[in-house]
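Quick note, the sequences are listed as chains A and X, same order.
The opening residue of the first sequence carries number 1 in my numbering; numbering runs sequentially from there.
The opening residue of the second sequence carries number 1 in my numbering; numbering runs sequentially from there.
Keep in mind the hints are simulated off the structure, nothing from the lab.
These numbers come from a predicted model, not from an experiment.
Hints should not be assumed to be uniformly reliable.
In silico DSBU-like cross-links for lysine-lysine, where the CA-CA straight-line distance does not exceed 35 Å [to be verified]:
#1 Lys274/X <-> Lys109/A
#2 Lys11/A <-> Lys27/X
#3 Lys307/X <-> Lys109/A
#4 Lys24/X <-> Lys11/A
Spelled out, the chains give:
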Amino acid sequence: MKDSILTARLKSTLDLLYREDRFFLVLSVFIGLISGLAIVCFRFAMEMFRLVFLGSAATPPFWRMLLMPAAAGLIIAVLTIRFFPTARGSGVNQTKGALYIFNGFIPLKTAVGKFLLASMSIGAGFSLGPEDPALQIGACLASLLGRWFRLSRDRMRLIAPVGAAAGLAAAFNAPISAVLFVIEEVIGRWTAGILGSVVLSAISSVVVVRWFLGAEPLFRIPVVELQRPSEILAYLVLGIVGGLLSVAFASGITTLRPRFQQLPRWSQYFQPAVAGLLIGLIGVLGAPQVMGAGYEAMDTAMHGHFIWQFLILLAVLKIVATLVSFVSGTPGGMFAPTLFVGAMLGAAVGGAEHALLPHLSWSPGTYALVGMGVLFAGFLRAPMTSVFMILEVSGNYSIILPAIVANTFSYLVARTLQPVPIFDVLTRQDGMELPSMEEEREINILQVEDAMRPHTATVFGQDERLGDVLRRARSEQQEAVLVLLESGAWDYVKRSDIEAKAVEGGDEQTLVSLLPAEPMPVLHPDQPLSWALRYVDRWPLVPVVNRANPRKLEGVITQRAVLDRYRRYEE
Amino acid sequence: MPAFGEAMDAENFAGFSPAELTRKSVKLALLLAGTVFGFLCVGAITHAVNARHRALAHQASLRGASDLHSGNYRQALEEFDTALLYARDSDEDTLGLAEALQGMGRTEEARAYLLKLREKQPENGEVNLELARIAVHQNAAAEAERYYHSAIYAAWPDSLANMRRQARLELVDYLLRTGAQAQAQAELMALIANAGDNRQIRLQAGALFARAGDKAHALATYRQVLQSDPHDAVALAGAGAAAYELGRYEEAEQTLRLAAEAAPLDAANAERYKLAVLIEQTDPYRKRQSPAERNRRVLTAFQAAGKRLQSCIASERQSTVILSELLQQWNQLHPRVNEQSLQGNSDLADKTMTTVFAIERTVPENCAVTDVDRALLRLAHEHEEN
């Protein structure tokens, strides 16, 4: 007896645990932990490849810098084309593809290929970032776990972004930014259900990374400060310049990439090598800072160790290096190069402004940090993430105003000059039709009030006599009448039913005798119009009532009105 | 209204079968075990990687220090850069990097690194000293003084305790170069107070006192060294020079003689000694001499000055009005100046010496000058100061 009670309790507990919505949260934590471990290994792999290809010196010897990226490019090209073709690209669009097209499925081979090839390319000096590959690796591990536990289709679609957030948070060591980026750029919408899982996985992965690698940020932020309100104007200029540069950067990628892809197939074996050679050449000619992810150079720029002219040069060279790295098909991401270009641009603009207007205070770290956000907003088109990212890495709220100003202007300039964001362009070039997160953010959600119409006919009480109701319904040409019940609920009765009942039982009966057992559903004006679709096929009209006073009828809504409204929206 | 789907789950969920529960539990247990195993593996890898980083950083740091010591700043910069790549928070390597940058003349960059270090360790003597040196290079006087003082009163490791004195010496040198004599003297006093038995420091202090114009303290400092070693050639030369400048020619003569014996090749010492002897022999105002000896010296000085004046006027280059007047004055005195007239006539002696001093001061320095004239000129300057 006792055993059976215990067994029943255990079963009940396990049933609760394994209910999919709850188990999803548990799984999110494991996804975060495992993704964190994977990204730690990814960082070590990058370092290992750096030692192999470029040696241990901070500035590699001449011959290594020139030749090793090219040699690595050859190896990467062969491996990518022969064994890991799905490892191409940054990884963000591929993760979105998993979410919207492949029901959350990402093959393990993709993660293995991305891990190996991206770490090799970045370690060998290609101007690419580890964050995007980390995002895809995390998404892939999540997909693997989801398939292993046989999650439902709905949950499988959501698990890729959970893993993506974990991977990105681990790579960037910034959980809030990672969560926001995934929601802003991958999922495109906020829901309570997904938010909790994404946050749990991101935090778990960051905890793991900090456990093994320490809490030190990738680049150290100096004291950032806004000394005078008039400095905002300087940041405004930075925003505009950043927007223009973002457009140039994006245009370069979107123009060159298809052209490189159209070259003969045999050339794809050599494209990464040529890109590597060019990057090596840039390095030996005096700008080794553009090689690799570039975090050390960002750190140096933030602490004012470069003159502004050199910073501009670095920004331009980094764009060139990233262009050739990415369009040649070398696996790797664009996050770190975006931040690099932004940091150099920000510090350069700040330095130039200070040279022209010395009374403007110049904190190179502040300008560099805001510059990062500017490129993030203008190039990656993630405005919200860009602001929070700056806050998260600096820990300083005084910078929020210049960040918002600069990022907003950058976003607006970029959006005006290049309406389609870079990720959407790349998606279409790859032959996929994925929803544009930018467009989705701006979709006006239709509400019930957009389709409802006023109800001019009489509303009857439940105790009204059938004769009176029938007379008025006939005069108003109503086929069905709305009835307000004593309880405050609503119902409707067809005129034909009233007529039949009146004939049967006489005019003195009341509407109560005709009311159905359950009252009809009601809607409110602010509810999404899509909710009306649940009811308008079963009831000819649905009352729309006031939230504060359910007895007050705001209008009615019909199926035809709903469909008409959607049609007009499309037009 | 409940969230769409939630109510349906709660309504429709009937529980898992025992087989399904077992399968899920086994998988969860495997997942947990796998995660733990992953932690252990990554932990081991991390340990190995960190050890490798430490080794690389250490090797690069040693090479950098060696390059710095040998003055190979470019190579040192690369080595410290490498060391910092693997040990980002190493203050020692950051300091080395800054020193290498300074050695290459990239003072602004060096300063940026040093300021960053100073934020973390404001009491670090080495950092403050390097910043002071940069400030000197940039002619930022206030900053240089501030950093030097910070270096002097900073925390130095025992092995570098002498750097505190070194910092003060550099500060004194800088103050002297910028004309802040009084401040330099104050610093030197503090230096001497803490010098102990350090001969080198005292010798340096003595030289610096002399540069600062404080001959008395210079002499006292050298004397302290001579107390320990009476035959110290440098101290003898310094003391002799200080005594000479102070007008203590008897002491100067004795000291410079010993200095000349200790360092016979020192031409400056020899010259000063010779003059000191001549001054002793020529000075009519020297104490403890007989009236006859005094008169003899007055006469000798008068003759020497007159001869020099006449020689200069006779040479084509020198024939100014002032010299002519002086010659006239000398000629007027000449008949009256002899041993008999000088006896018991101190006024005449004074007047004669006044004329002598005027001649020696007025005649151009390199015109017909003899050693006696140089001695007389020195006496003239002293007489003027007094």
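Tested hints:
Among the hinted pairs, Lys274/X with Lys109/A is inconsistent with the structure: their alpha-carbon atoms are about 97 Å apart, more than 35 Å. With a C-alpha separation of about 16 Å, the suggested pair Lys11/A and Lys27/X falls inside the 35 Å cut-off, and the hint holds. About 111 Å separates the Cα atoms of Lys307/X and Lys109/A, which puts this hinted pair outside 35 Å; it is violated. Distance restraint check for Lys24/X and Lys11/A: the Cα-Cα separation of roughly 12 Å lies within the 35 Å cut-off, and the hinted pair is therefore satisfied.
Checked against the numbered hints given earlier, the structure breaks hints 1 and 3 and satisfies all the rest.
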